[in-house]
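2 protein chains.
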Amino acid sequence: MWQNLGRMRVEILCTGNELLDGSVVDSNSAWLEAKLFEFGLEVAEKRVVPDDIDVIIEAMREISLRADFCVTSGGLGPTPDDLTAEALANAAGVPLVEDVHTAERLRAWMQSRGREYGPAQSRQALVPKGAEIIDNPVGSAPHIQMKIGKCTFALLPGVPREFFVLADAHVIPRIHERFSKDISEQYAFTQLRCINVWEADMAWAVRELPKSHPSVRIGTRTMAPENHLKLRASGPTRAEAQARLDAAVREAKDKLGTRVYAVGDTTFAMATLQKLRDEGATVAFAESVSGGMAASLLAEVPGASHALVASYVVYSEKAKMNLLDLDPDLLAREGPVSEAVTRELARLARERARTTYAAACTGWAGPTGGNARDPVGTFYAALATPSEVTVSRFEYPRADRERIRKGAAYACLDLLRTAKP
Amino acid sequence: MWQNLGRMRVEILCTGNELLDGSVVDSNSAWLEAKLFEFGLEVAEKRVVPDDIDVIIEAMREISLRADFCVTSGGLGPTPDDLTAEALANAAGVPLVEDVHTAERLRAWMQSRGREYGPAQSRQALVPKGAEIIDNPVGSAPHIQMKIGKCTFALLPGVPREFFVLADAHVIPRIHERFSKDISEQYAFTQLRCINVWEADMAWAVRELPKSHPSVRIGTRTMAPENHLKLRASGPTRAEAQARLDAAVREAKDKLGTRVYAVGDTTFAMATLQKLRDEGATVAFAESVSGGMAASLLAEVPGASHALVASYVVYSEKAKMNLLDLDPDLLAREGPVSEAVTRELARLARERARTTYAAACTGWAGPTGGNARDPVGTFYAALATPSEVTVSRFEYPRADRERIRKGAAYACLDLLRTAKP
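Order-wise, the sequence lines are chains U and Z.
So for the first sequence, the working numbering puts the first residue at 1; every next one is plus one.
So for the second sequence, the working numbering puts the first residue at 1; every next one is plus one.
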């Protein structure tokens with residue numbers, strides 16, 4: 001039987017045939033779960049059911065018997081497949097009624113777009129009698145909350161943007177408030193973002209941490225080639241939880257050293273750019289195996305142009321010679337994937353683009369290519385600074401093409417991140 | 001109550017705290033669902049439960065009462081949190097026993113890596129008594145299948161690669177076989193992959209299709225900036241279903257025209273490269289707003305080097321002048337995001353890289369930048385061919401930075417895909 005551990009029980013119910021035929025991967029749930037986990041709550045269960053009114057009603061009844069809060073995703077649109085509000089009314093044993101305010105809002109909204117307020121729209125104004133109705137600032141379906149027994153149902157649209165906006169404003173704060181009453185402890189959360197370390201080795205490095213920090217719980221998350229160490233501290237007050245978290249973070253950073261590129265929400269590209277900004281440095285790339293991915297990673301960050309000048313994507317041998325005047329003899333003697341060529345590409349890119357740094361990479365991404373010295377999965381990454389050029393060699397023997405190319409792009413950024421000015 | 005519509009009922013049960021605290025988005029399920037959908041089967045329900053033996057046992061018992069087949073994901077690793085095999089034994093009312101063959105396989109596997117065969121590994125050799133045990137060619141946990149009542153449970157590892165390999169070899173064929181016995185019809189499936197069309201407009205273009213092809217069911221899937229039209233035909237034989245599908249595909253292609261870039265599993269980059277290969281053409285890019293993403297999209301395809309020569313990622317104004325000798329007066333007069341500059345970048349890239357074609361893009365990806373003529377969300381894409389240079393202007397007023405940059409990269413590839421040789 002379900003065990004309620006004296007804690008608030010939250011469940012998620014997703015509706016939609018598209019979530020059961022492989023059309024759509026539900027990412028709303030993971031987003032909500034991560035937000036709730038930050039203050040100490042773990043979702044007890046998630047169910048995904050089709051657009052079938054009887055199935056949705058039955059699921060709501062079952063959930064109402066055991067949960068304190070149920071967030072639903074999907075089924076609030078204007079089509080006949082959108083059944084969540086009707087199912088909630090049925091599960092609660094109340095009729096569907098028109099919400100006058102919502103009907104007015106939808107009518108005005110349609111008129112302002114020169115469109116007719118038809119049966120499809122008026123359907124979205126039908127809500128369970130007695131439910132709390134909250135305006136949706138970014139879409140047409142209203143947000144509905146209603147209790148069945150002790151369980152509050154909060155109905156959210158499946159459209160991610162509407163889900164996020166309404167959950168942030170009206171669902172997460174209410175769950176937090178109710179959760180906080182239920183527990184004696186407060187929580188603080190953060191994550192250490194690591195590079196150049198396997199998940200198992202990262203966990204091993206901090207294995208003693210829970211002994212010296214008994215109020216801190218740790219977890220890991222892999223987003224290859226990154227690994228993140230999640231830390232959540234509890235304490236009698238929020239400030240005490242935060243102080244305990246800070247102490248644990250200091251110890252974890254000591255153990256993991258430069259493998260930690262950031263604490264919190266800073267991405268790897270943001271951390272790399274911040275370091276370059278602090279130095280007032282600029283960068284160019286010469287990319288072969290990564291094919292432009294290194295520059296593109298940096299360009300994803302708003303304002304990247306303070307540091308990112310250019311990338312020479314020299315994918316073919318011809319391009320290596322044409323774009324950067326690489327010595328054809330060197331290329332023929334050493335091969336396109338080699339320490340000497342990668343070194344020279346970095347040096348030439350820096351010289352041509354007139355930047356503080358340049359990073360270069362070459363490699364065999366497979367499935368064909370490679371040789372006895374450098375099989376598929378091998379890549380080289382080089383960094384040219386004002387004073388020297390250094391090269392590293394990497395082997396990812398069992399990785400696929402995407403992983404190898406991403407590894408090379410990350411290696412270029414990591415050389416910049418750790419470069420001594 | 002659950003309705004079994006005379007059809008085989010398949011459910012998915014995912015286990016793992018990491019699926020309930022936001023650490024991991026489950027993509028195994030969507031992959032499996034899409035594979036089953038191809039031959040006409042829709043998954044009836046999916047549940048996600050934590051690593052709690054009582055909860056898993058209870059879920060298995062409930063599922064065994066209503067489903068014909070249950071695929072589980074996760075909980076087969078060597079840690080104490082991995083509980084799926086034990087839960088299955090408990091739900092079936094049988095003991096856990098050592099599978100001698102698996103124990104030998106794991107011992108040999110560990111020895112070959114110079115590691116000890118310890119309690120963690122020997123745990124993975126424990127299976128429910130009477131279960132069918134199948135070797136896992138890509139990991140340590142064996143694949144387990146066992147019936148409880150009429151329901152077959154198939155236990156798969158949560159690691160995506162192991163999940164995919166084992167499901168393809170041992171789960172999907174068995175479900176298909178059992179499903180085919182149960183139904184009188186056969187199915188054929190494909191998808192039309194589209195670009196430059198909104199999902200709603202794509203659906204509108206083929207709205208009459210079900211009338212002339214009553215045995216064909218259609219669905220849509222958005223993977224911005226692409227939209228895919230899924231078609232599934234039924235018929236008394238597989239050949240007849242395929243013939244009906246082919247007829248529907250022809251009509252849908254007529255309606256959608258060049259917006260269809262491929263039918264089936266060909267990606268946009270693959271379709272673009274295939275066209276270039278057919279012509280024996282080569283390509284270079286001059287990328288500003290896309291920051292290397294256009295070249296990187298092509299480089300993701302094995303063998304891209306037959307066509308992809310180079311990309312000049314000229315992110316800064318300085319780079320536009322340094323790498324491609326863009327006229328500083330033109331840049332000052334027209335601005336870095338302009339028809340004239342984009343046109344000139346394409347022309348210069350083609351000339352420098354000595355390729356058949358060159359594509360260029362400039363744009364304002366936001367959140368800052370832009371001007372009265374070209375606000376954030378505006379980008380230009382140009383194509384230089386042996387005979388001319390053409391430019392298109394795009395506006396994505398409400399898109400975020402990633403979407404705008406991806407739009408520009410796709411626009412470059414689309415110009416190549418549709419270029420007249």
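What the hints contain is simulated information worked out from the structure, not anything from laboratory work.
Hints are not guaranteed to be accurate.
Chain copies aren't distinguished; within one or between two, either way the pair holds.
[What the hints assert, rightly or not] The calculated lysine to aspartate or glutamate pairs, modelled on DMTMM-like cross-linking and capped at a C-alpha distance of 25 Å, are:
| no. | residue 1 | residue 2 |
| --- | --- | --- |
| 1 | K150 | E177 |
| 2 | K150 | D54 |
| 3 | K255 | E208 |
| 4 | K255 | E339 |
| 5 | K230 | D400 |
| 6 | K150 | D325 |
| 7 | K35 | D265 |
| 8 | K35 | D327 |
| 9 | K318 | D278 |
| 10 | K318 | E251 |
| 11 | K150 | E58 |
| 12 | K150 | E62 |
| 13 | K275 | E351 |
For each hint, the structure was consulted:
1. For the identical chains of this complex, K150 and E177 are intra-copy neighbours only, at 16 Å inside a copy versus 45 Å across copies, given an alpha-carbon limit of 25 Å.
2. Taking CA atoms no more than 25 Å apart as the test, K150 paired with D54 passes in both settings, with 22 Å inside one copy and 24 Å between copies.
3. With identical chains, the CA atoms of K255 and E208 are at most 25 Å apart within one copy only, with a shortest distance of 10 Å there and 64 Å across copies.
4. Taking identical chains as interchangeable, the C-alpha atoms of K255 and E339 are never at most 25 Å apart, the minima being 32 Å within one chain and 53 Å between chains.
5. In this assembly of identical chains, the alpha carbons of K230 and D400 never lie at most 25 Å apart, being 27 Å within a copy and 28 Å across copies at closest.
6. Taking CA atoms no more than 25 Å apart as the test, K150 paired with D325 passes in neither setting, with 73 Å inside one copy and 70 Å between copies.
7. Taking the shortest alpha-carbon separations for K35 and D265, only the intra-copy value of 13 Å comes in at or below 25 Å, while the best inter-copy value is 36 Å.
8. For a Cα distance limit of 25 Å, the shortest separation of K35 from D327 qualifies neither inside one copy, at 54 Å, nor across copies, at 50 Å.
9. In the homo-oligomer, the alpha carbons of K318 and D278 lie at most 25 Å apart only across protomers (21 Å), although the nearest pairing inside one protomer, at 37 Å, exceeds that limit.
10. Taking identical chains as interchangeable, the C-alpha atoms of K318 and E251 are never at most 25 Å apart, the minima being 50 Å within one chain and 44 Å between chains.
11. With identical chains, the CA atoms of K150 and E58 are at most 25 Å apart both within one copy (17 Å) and between copies (23 Å).
12. Both within a single protomer and between protomers do K150 and E62 lie at most 25 Å apart by alpha-carbon distance, with minima of 12 Å and 24 Å respectively.
13. For the homomeric pair K275 and E351, the shortest alpha-carbon distance inside one copy (21 Å) is at most 25 Å, but the shortest distance between copies (36 Å) is not.
Comparing the model with each numbered hint stated earlier shows that hints 4, 5, 6, 8 and 10 do not hold.
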